[in-house]
Amino acid sequence: MNCKQAQEKIEVYLDRELTLSDRRDFEEHLEDCKNCQKMLDNLRSLSTSIQQTNYIKAPFSLRRKIKSELRDVTGEENARYGWTHLLGSAAGSAILASLAVWAMMTYIVDPDTTRTQLITELTTAHVRSLMVDHATDIITSDEHTVKPWFSGKLDFSPPIKDLSAEGFGLVGGRLDYLRLDDLQQRPAAVLVYKRRSHTINVFIYRSTDSEENPRLNKRQRQSYNLINWHKQGLSYWAVSDLNATELQQFAQLLRS
Amino acid sequence: MATAKDRKHFERLMLRHLDASYNLALWLLHDTTEAEDVVQIAYMKAFEHFTSFTGGNTAGWILTIVRNTAYNWLSKRNRGSNLISFEDVLHSSQNNSPTASGEMNPEELASAEISHSQITGYMKTLSVDFREVLFLREIEGYSYKEIAEITQVSKGTVMSRLSRARGQLRQIITDQTHREKTREL
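Chains Z and U are the protein sequences, given in the same order.
Residue numbering for the first sequence is 56 to 311, as defined by this note's numbering.
Residue numbering for the second sequence is 99 to 283, as defined by this note's numbering.
Computed Cβ-Cβ distance ranges for the label pairs, DEER-style: (1) Z/Ser116 - U/Ile270: 31 to 37 Å; (2) U/Ser258 - Z/Val128: 37 to 43 Å; (3) Z/Glu132 - U/Lys143: 20 to 26 Å; (4) Z/Ala220 - U/His147: 42 to 48 Å; (5) U/Thr223 - Z/Asp210: 44 to 50 Å.
Hints listed in this document are in silico derivations from the structure and should not be mistaken for laboratory results.
We put the CB at the ideal spot given by N, CA and C, even for glycine.
Using the sequences plus the hints, can you model the full thing?
Okay, here's the thing in structure tokens:
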């Protein structure tokens, strides 16, 4: 494959739509062509920028209106002062949030209770960060800005990587507090990445002595995927509603 | 007449795509109130024709209805200018291939520190069909074939539209960054 042919296929490659044999030819060409590598990087940067645009949750009032109108069509009675009405109010939203947390707590089935509590804690922290629109304390895609921001706030320095070239844009970071296995609250660094419309929270905290396992452990809680590993005295948990394959790809990149 | 059972079935299959529907409408209309109205109308239309839905890609089905409703809405509101494709203009006025001169390299593009609001603002300057294809590919992650089904054009048109949309967006970012640099000097 020459440069001209490669450049005709570059976006199709980026969009993962090339056939297997074309992909192989393209990657072979890419290995030796700095110019095409640069163009691909350029396209990836653009793609990451687009994927970082805000994805807005549909207003609850819209859901309520649709449900109400559907009931009108079927001739069903609308529960004006029932759950639908309650959940539309601010107090109702608070109740809904509490119920969501309660539901997560009651769905614990893992025999390893403390581990399961941690998973619930992480999932709840992830959901909370999305619900209150407070995913980041510092918003930047620059790893060199995020790193100093954490120093002074933590007694460890979380390794930070910008993976935007691989399609996982660094959005920023924040501090969080997690109740860990020993039931003590500890500070954790949280790195926030975006993959298309999906937010990935990476919780990093000091491991206990017994933990030193770089293998990726996959878990699932409700509709969220969690991947955990330990490296150089730190524990990592990547939490997201992103599919398990892409989250694993992300974890591998971050761990390497 | 549709029954409570139909409604429950419809809600179970389609309401999970409400966020995607709302965001698509927002990308096309740039107005939260209009986006809500369009999604509500689209969902009611979808329920009306639910019996014709034979199964398969529920997201694709509902998004097709949402985008058609949004396009009708735009045309009724006499927003014709928004509906004119930039494809012809781009063809004649500039080369938007990734090798275009004056193009930022990856480092420059990355260091341009484009904020969320900036990129959203730049996106607004694109034509509606360009915004649509970028949303479906970059945000929702649909394949060319799925986008072609939703937007009712050929796969080739999807590829060319996507490429031109990216080219135009890249050019806007480059121009804007250069303008800001000149202003700083």
